[in-house]
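Participant: Chains as they are written, first to last, in the working numbering: chain A, -17 to 251; chain B, -17 to 251; chain C, -17 to 251; chain D, -17 to 251.
For the record, the hints were derived by calculation from the structure and aren't laboratory data. Any given hint might turn out to be false.
Which copy is meant is left open, so a pair is good if it fits within one copy or across any two.
Said to hold, decoys possible - In silico DSSO-like pairs for lysine-lysine, Cα to Cα no more than 27 Å straight-line:
| hint | residue 1 | residue 2 |
| --- | --- | --- |
| 1 | 12 | 28 |
| 2 | 49 | 28 |
| 3 | 49 | 126 |
| 4 | 49 | 12 |
Just so you know, these numbers come straight off a predicted model, no measurement behind them.
Each chain, letter by letter, is given below.
Number of protein chains: 4
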Amino acid sequence: MLIRLGYDIQFETAGEVPIVTLLNVHPSRKQDLREPDELRTDPAVKIENYQDTFGNHACRLVAPPGKIRLQNSTLIEDSGRPDLEDPAAREIPIDRLPPDVLPYLMNSRYCEVDLLSNTASELFWNAPRGWQRVRAVCDWVHSKVTFGYEFSNPTRTALGVYTERVGVCRDFQHLAITFCRALNIPARYATGYLGDIGVVLPPSPMDFSAWFEVYLEDRWWTFDARHNMRRIGRVLMATGRDATDCAITTSFGRAKLINFQVTSDEVQG
Amino acid sequence: MLIRLGYDIQFETAGEVPIVTLLNVHPSRKQDLREPDELRTDPAVKIENYQDTFGNHACRLVAPPGKIRLQNSTLIEDSGRPDLEDPAAREIPIDRLPPDVLPYLMNSRYCEVDLLSNTASELFWNAPRGWQRVRAVCDWVHSKVTFGYEFSNPTRTALGVYTERVGVCRDFQHLAITFCRALNIPARYATGYLGDIGVVLPPSPMDFSAWFEVYLEDRWWTFDARHNMRRIGRVLMATGRDATDCAITTSFGRAKLINFQVTSDEVQG
Amino acid sequence: MLIRLGYDIQFETAGEVPIVTLLNVHPSRKQDLREPDELRTDPAVKIENYQDTFGNHACRLVAPPGKIRLQNSTLIEDSGRPDLEDPAAREIPIDRLPPDVLPYLMNSRYCEVDLLSNTASELFWNAPRGWQRVRAVCDWVHSKVTFGYEFSNPTRTALGVYTERVGVCRDFQHLAITFCRALNIPARYATGYLGDIGVVLPPSPMDFSAWFEVYLEDRWWTFDARHNMRRIGRVLMATGRDATDCAITTSFGRAKLINFQVTSDEVQG
Amino acid sequence: MLIRLGYDIQFETAGEVPIVTLLNVHPSRKQDLREPDELRTDPAVKIENYQDTFGNHACRLVAPPGKIRLQNSTLIEDSGRPDLEDPAAREIPIDRLPPDVLPYLMNSRYCEVDLLSNTASELFWNAPRGWQRVRAVCDWVHSKVTFGYEFSNPTRTALGVYTERVGVCRDFQHLAITFCRALNIPARYATGYLGDIGVVLPPSPMDFSAWFEVYLEDRWWTFDARHNMRRIGRVLMATGRDATDCAITTSFGRAKLINFQVTSDEVQG
């Protein structure tokens, strides 16, 4: 299956504003690309490509005063299969987890593991361990939190989601991640493309999407407390502790977003 | 100058509890060690040594049910000079910072840069840039926050320090770090040994200490909003985004601390 | 000057839901009414009228399952003059304030005086005391906080407004109230009608409005950190510690708001 | 049974500081007093006695610069019976509650009903209604929260107690009050004397105590989520929405507490 990916984003700034982007496909998906995946800007500026500390493909640039457009269109091959699942996947004892997985058990800005640790135990301790426990977490979050774009709040943390019970996709994932970590299951935030491929969903303005990954058995698995269903056509861009580490663009200074379009469509090959 | 370092820590647990420690001297100080620096436990358990994602020397072990003692004593050579200073050190524009420094500009669990960004601008925008601005941050935090062990609260964040104006050493550093990041100055948390070497201080129970580092010019520099003075004999153990990443011990399960002693004394060579 | 006031509000509930309303004109304005001011419902239900502990005219009813409409239209005479001002009005020492004013110096749900006390001192201690200090508070809040309906968040407190710097009218007042209380100036929340009478404002969906009152000299005075200008045609409905005490409707159970219209128009007499 | 009550409190202030006290026995207990109950100060200052908006006996005074001592000793007759109980007491529907009870269903500074509403439903919806439901709330809070003077934190709210699971007596009551209100059971904070009368408790420094009251059937009943047992010899001083309204002393300016002693002892008549 082929998916056309792309974005067209425009900022307006008063002065020079450094911007870091995570707009490229994740290194783990590079081999599936059928066209170049390269950030282009108008006006053209110097772009520094590097791998960030979480293993994502990052770009750094300085937006000149005025307007700048960031765009790209690329083509990727996808298995066309839904998110992998293995209901038998086990939790790994902490002393046998790879060391680089351990940070995903800890507190982060939007995931206050310390504050929700008792709640997680009370809600999920009786759930079967492993894959089923992560499913129990997703089911709970999905059923208890109400989705709405009007509930978007960039400062809302997992505790805020737990208390307010509303949010956008990132909020669902933050709460689920926090519960998993509190249960000693490594969990990390993920962002990427997710079109309406393979499902019938009410039409909505296409945006990048957030989901999360948990480490079970010997690898990371995709979960999504927002949709709470296996989906086709996710294309990973970035992973990190939480939304802080996976922001599509981070501006170090005021940058007004004046256009934002994302494309993720199945293409007949 | 020679400093004898050591610790003697005891936990009691009901069941097996995995523990991660950052009890070793930081890799950047290994060459100064005059005796081995090795975590020993009683009862002896398997200890896995590794470098964590922040570059610290970590150990992982599983405490058996009952009591476990973690201890060591080592000897390190120190310059005997106070913390380096360079009042002329400049802030580096974000587009010229080394990429691995960029995460230290971002939000973390105890450092809500987003929530204190405007306050930082209002308080420090008029301060001279570079070293002097960091000094202004430290002076403000040092003068506005009241130190007291009775104010210790492991869930207090930088915003909590800003609103409550009380805390222990980690709280002072969290607030200063958050202000620096909000001003686009990379800042990270540091923990290590800091005895009463070279200063006359009221005797207090020796504990590990927290300070912070900022990136100016071409390197990380030591600052300390708690003591707000240059000190002799700091021995770095760990750095990270905030206290989450630098906890001396992290237990994944209930572990009751029943003894805790730290040594950091100048030794006549 | 005559102002036609009215509202037309509709809820939908699954079961019986008790509702308390503050939809009547404040007792202090009863003598200005030129038509009856009485809550009517469809279907008709028993309505209990009473004065609440803050001196407001409250109604209590039980919405039956299904839809219920709350409406009224009335006519009130207004001075047609802008909010009273007295730049010479003085702060009253706490020991000489009327005792029933003292609660308006204290913490409340959305006004954490304790948490913003130091900030208030740092920002406003140098301002001239009395009326000018309240003006300084309003100017600060008005200039630092960005208004937007999309920023509406019913759980945001004064501290949230201070850190996020966005909000709707209630948020502006909560922050200003909190600063005033921290400065030992009694301040209370007010809600009522405020049309576009006497000013040229961009057309916006009419809603009830929030402002606040401070106690200076020997009485309560109207201030408005949202508009930060003297306005004509405010009609007070309720005062209280904060938005908790002044909610137009409080439902004790789920009640879905399906229609909401407010009228406040000058009428040619 | 006769109980000797008393306090001896000393403050030190730099300048004149207005202080409001709630150091007298509650008006509802005046008829049980066998000696005068009058606040005395040294140096003697003018004391204004009044009933506050919650019905408590308050005093207002201005502490002169320097030290001031507040003290009294009085004698009260007590039934000698434990807190009243009526396991059959029913919850009253909101539309039949006395209007002056309604405020005790709402949010207050330390009781964020809005934020814990869903949690309360999830935890207690299946409990039998009325007295048993309040008991279920107290049992939960008592068993889940760890008491410790070292956990005292004047800014901790009910949500903080829920997330941190530690606290002093006021914290236990705040969480229980919040849960009750979320379940539509009116609940208010209470403070007063509570000696070790009638129970064998580990000796502890005597302090004023906090408990709470709920409205069931046709009256307020005493509950205590901290001790979670019926006690003898409570002497009520003040009730209010939460600790804000019931502070034994509220200083409007810096006042350093330099002595604090409370007496509550059974006296052989």
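Participant: Run every hint past the structure and note whether it holds.
Facilitator: Evaluation of the provided hints:
no. : hint     : result
1   : 12 - 28  : within (22 Å within a copy, 40 Å between copies)
2   : 49 - 28  : within (15 Å within a copy, 58 Å between copies)
3   : 49 - 126 : between (41 Å within a copy, 25 Å between copies)
4   : 49 - 12  : neither (30 Å within a copy, 50 Å between copies)
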